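Engineer: Sequence:
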Amino acid sequence: MNPKERRAARHRPPNPEAEPGSRPRRRKDPITVDQVVDTALGLVATEGYEALTMRRLAGALDTGPASLYAHVVNKADLDELLIGRLCAGLVLPEPEPATWREQLRGVCAQVRDQYLAYPGISRAALAMAPTDLETVRVSEGMLAILLAGGVTPQAAAWAADALLLYVAAYCLEISVMRQRKADDDTDWVVDTAELRRRLTALPAESFPHTTRHAAELTAGTGHERFDFTVTLMIDGLAHR
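The sequence shown begins at 1 in UniProt numbering and counts up one residue at a time.
Just so you know, these hints were derived from the structure itself, not from any lab.
Since the structure is predicted, the reported quantities are computational estimates derived from the model, not experimental observations.
Note that beta-carbon positions come from the ideal geometry of N, C-alpha and C, so glycine has one too.
Errors might be hidden in some of the hints.
Only pairs whose alpha carbons sit at most 20 Å apart, straight line, appear in this in silico SDA-like list of lysine to any residue [to be verified]: (1) 75 with 43; (2) 75 with 65; (3) 75 with 51; (4) 75 with 53; (5) 181 with 157; (6) 75 with 128; (7) 75 with 85; (8) 181 with 47; (9) 181 with 116; (10) 181 with 134; (11) 75 with 62; (12) 181 with 195; (13) 75 with 130; (14) 181 with 198; (15) 75 with 134; (16) 75 with 172; (17) 75 with 50; (18) 75 with 56; (19) 75 with 41.
Have a look at the derived ranges for each label pair, beta carbon to beta carbon [what the hints assert, rightly or not]: (20) 236 with 89: 26 to 32 Å; (21) 204 with 33: 55 to 61 Å; (22) 166 with 216: 39 to 45 Å; (23) 50 with 70: 21 to 27 Å; (24) 165 with 74: 18 to 24 Å.
My request is simple: use the sequences and hints to build the entire structure.
Structural biologist: Following this line, the structure appears as structure tokens:
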């Protein structure tokens, strides 16, 4: 479904078969797409992306699930709207050949911070075919920076995709770890000292490198690992 068809679908009458036997509640004010996105992001910010369902969203909007389909085609369409809204908040620099690597790292850090503000939402960005104009704007901006840095078009195209994929995966892992700690009180998944202790306690004859370099394997605070990986990927392009 292309963007024009998606927009048209958001204004179709609700599908009565979407929720058999349900009776949509009536609102005094009509729902808008912006309200849908605002409410969905609010739910994700407070409860996490996993809690976001069409039924849960409808409840927060004080309406029935079927009425949402007048504005949002399906959950995948909602995901695209959410990521598009986050992308709208990104500031893209004017490509500068002399500082293209710093510019690219800056964009990746912005995407990271947006994703981490909404726990688990980066899952929505995975395997998504971008058609939202704000999402495409970010891809266009990253491509422009890479090309300004002298990266070949094919490498630039794949690099932009790889960087965004890494950012999404990085943020998703952090969200999963935090959720596991909250659900199971498993401190060790985020406790560096405990993880290091477990690694050094392994039998050295079977895991000589792991036990010897447990400190290096568990090193890093804040976003040091993120910065290392993004820099590694970008510097690799510079040396192609």
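Engineer: All hints are to be evaluated individually against the structure, with a verdict given for each.
Structural biologist: Hint-by-hint comparison with the structure:
1. 75 with 43: 15 Å, holds
2. 75 with 65: The given pair, whose Cα atoms are some 12 Å apart, holds under the 20 Å limit.
3. 75 with 51: 13 Å, holds
4. 75 with 53: Within the cut-off at roughly 8 Å; holds.
5. 181 with 157: 37 Å, violated
6. 75 with 128: 12 Å, holds
7. 75 with 85: 15 Å, holds
8. 181 with 47: Since the Cα atoms of residue 181 and residue 47 sit roughly 15 Å apart, the hinted pair holds (cutoff 20 Å).
9. 181 with 116: With Cα atoms ~16 Å apart, residue 181 and residue 116 stay inside 20 Å; holds.
10. 181 with 134: Violated - the C-alpha atoms of residue 134 and residue 181 are around 34 Å apart, more than 20 Å.
11. 75 with 62: Measuring from Cα to Cα gives roughly 18 Å; hence the hint holds.
12. 181 with 195: 14 Å, holds
13. 75 with 130: 15 Å, holds
14. 181 with 198: 17 Å, holds
15. 75 with 134: 18 Å, holds
16. 75 with 172: Answer holds: residue 75 to residue 172 is near 18 Å, not above 20 Å.
17. 75 with 50: Holds, because 12 Å separates the two Cα atoms, which is no more than 20 Å.
18. 75 with 56: 12 Å, holds
19. 75 with 41: Within the cut-off at roughly 14 Å; holds.
20. 236 with 89: 26 to 32 Å: Since the Cβ atoms of residue 236 and residue 89 sit about 29 Å apart, the hinted range of 26 to 32 Å holds.
21. 204 with 33: 55 to 61 Å: 59 Å, holds
22. 166 with 216: 39 to 45 Å: At roughly 21 Å between Cβ atoms, residue 216 and residue 166 fall outside 39 to 45 Å, so the hint is violated.
23. 50 with 70: 21 to 27 Å: 25 Å, holds
24. 165 with 74: 18 to 24 Å: 23 Å, holds
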